[in-house]
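**Q** Guided by the hints, dock chain B onto chain A, whose structure is given.
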Amino acid sequence: MEKFMFIFEGVQPGNLSPEHMQEHMGKWMAWIDKLRKANKYVAGEPLLPGGKLVSGPNGKSVTDGPYTEGKEVVGGFFIINAKDIDEAVELSKDCPDLGHGSKVQVRQVMKVEVGQPA
Amino acid sequence: MDQNKNINQLVDHLFRHESGKMIAVLSRLLGLQNIEVAQDIVQDTLLQAMSTWGYKAVPDNPVGWLYRVAKNKAIDFLRREKRFHEISPEYGYLLESEYTLSSTVNNLFLENEIQDSQLRMMFACCHPSIAEESQIALTLKTLCGLSVNEISKAFLTTEETIAKRIYRAKEKIKTEKIQLDVPQNTELSSRVDAVLKSLYLLFNEGYKSSGSDELIREDLCEEAMRLCFLVTQHSLTAFPRSKALLALMCFQASRLDARLDDKNNIILLKHQDRSKWNRSLMSKGFELMEEAAEPFEVSTYHLEAAIASQHSAARSFEQTNWKNIYHLYEMLYQLQPNPVVAMNKAIASAYAINKENALNELRQIKGLENHHLYYASIGEIYFDLENKPEAKKFYQKALDLTSSVYEQQLLKSKINNC
Chain A
12 MEKFMFIFEG
22 VQPGNLSPEH
32 MQEHMGKWMA
42 WIDKLRKANK
52 YVAGEPLLPG
62 GKLVSGPNGK
72 SVTDGPYTEG
82 KEVVGGFFII
92 NAKDIDEAVE
102 LSKDCPDLGH
112 GSKVQVRQVM
122 KVEVGQPA
Chain B
60 MDQNKNINQL
70 VDHLFRHESG
80 KMIAVLSRLL
90 GLQNIEVAQD
100 IVQDTLLQAM
110 STWGYKAVPD
120 NPVGWLYRVA
130 KNKAIDFLRR
140 EKRFHEISPE
150 YGYLLESEYT
160 LSSTVNNLFL
170 ENEIQDSQLR
180 MMFACCHPSI
190 AEESQIALTL
200 KTLCGLSVNE
210 ISKAFLTTEE
220 TIAKRIYRAK
230 EKIKTEKIQL
240 DVPQNTELSS
250 RVDAVLKSLY
260 LLFNEGYKSS
270 GSDELIREDL
280 CEEAMRLCFL
290 VTQHSLTAFP
300 RSKALLALMC
310 FQASRLDARL
320 DDKNNIILLK
330 HQDRSKWNRS
340 LMSKGFELME
350 EAAEPFEVST
360 YHLEAAIASQ
370 HSAARSFEQT
380 NWKNIYHLYE
390 MLYQLQPNPV
400 VAMNKAIASA
410 YAINKENALN
420 ELRQIKGLEN
430 HHLYYASIGE
440 IYFDLENKPE
450 AKKFYQKALD
460 LTSSVYEQQL
470 LKSKINNC
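Protein sequence lines correspond, in order, to chains A and B.
The working numbering numbers the first residue of the first sequence as 12 and each following residue consecutively.
The working numbering numbers the first residue of the second sequence as 60 and each following residue consecutively.
Calculated from the structure, these hints are not laboratory results.
Careful: at least some of the hints might be erroneous.
[Said to hold, decoys possible] Among chain B residues calculated to face chain A with C-beta under 7 Å, some are: (1) 70; (2) 113; (3) 156; (4) 158; (5) 162; (6) 259; (7) 442; (8) 444; (9) 446.
[What the hints assert, rightly or not] Going by beta-carbon spacing under 8 Å, a handful of chain A positions derived as facing chain B: (10) 33; (11) 40; (12) 87; (13) 101.
We put the CB at the ideal spot given by N, CA and C, even for glycine.
This is chain A alone, in the form it adopts within the complex (with noise of 0.2 Å):
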């Protein structure tokens, strides 16, 4: 079994009634409950908007950023358990924000055996 992150692009939708997020929130729930069911949910974050850029030398230049007016803002990220790239790609098509303008970023964990000549 290899290890998978799912990094979540998108941009959070702003004009929702509370009803409508509590409904969008049990999309994800279920979600999650079912990939913890089938034993593929290794772990989540979710990431708060804003943060900083640090760039150059030494970290010389710290920025605002990423903007939320961004398309590719990172919400948050899944490390999921999936037999290789297709079953995790398959896997990420549950995503509820999908076909709202969201992606989701699949990339394999790789696999480093410490101590051990490469």
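**A** For chain B alone, kept in the frame of chain A given last:
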């Protein structure tokens, strides 16, 4: 955090209801003129909950979680905003010092204070200087957490219309400097009446079937009942007539599930399967009627609840005590001499006295020339008198006047039977 906790453990409409509570509390804290700030804070809080809980799990105490986030956002706002006195007349001085800021905010989020804030918000939304239709729209937006889009669907109108109504209500709040107070002494009684009237209209709006979006309209009934319950829970506003209104809502709501068939056709009271009536709502209604009997007062809500209770008490349509109902309508007409009451009184008389009397009473009513139910009732009486051509004529008039799909279906089937 319990990893197995899932969304199903969240109460239905939790976000919507908590949104209403938090907007009331925050408006009290920040002052009603800052109601938009309060709404933004709540929106942000719920968005944060949505994106956080959605990735992991629902926290053990979801409501506590929401309040904590909302409190922190409010405190941030207050720290940024220096001129506290312009913020909340009630709490300005306590919010000035860092020492009392957090405890003041925390206190307002205690259960009894939340109820108090909601009640104050009800008084503000139903302020006599705000037009009735705007009162209802503002109530739904602020206290019930419905969006403009949802309200417009429920009222079968455009978002623009609802947005305008809310805008006008908010303008009134600013120009009239309406505060989140509980009215005192002599003013209290009439202000409670305004709140009750608004809740009554809200409930009725949800109760009449429109054929468009039944679910969201039943939500209106539920919200009206929830708020009316709050009114009956507060010592200042628990007048007998408040309880009578809640009793009336219980009786009506007990029949919600029985009034449409599988194909969404209206089932008239006469033909409803009474085993589908909700027993617990009915007994709650009777319980409230008893509570509403003391101290003695007679309001239109008492009489309407009493009429509704007569139906609930009857095992079948035939066993209904029409003499009582007719008598109650006579009393109601004394208190409220309007043509709709007159029409209902006339219909009751068809069973309490006879059809000819009903026809006579109906024919004398002025002011319902554009009311489809008026013509439908006359048609019904003619039908019972076996005068089918006249019945058909009046059913047709009614059909021309209603825009409700359900009612059109019903009337068409009646015309076909003529």
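**Q** State the violated hints by number, sorted upward, taking the hints as numbered earlier in the document.
**A** 1, 3, 4, 5, 6, 7, 8, 9, 13
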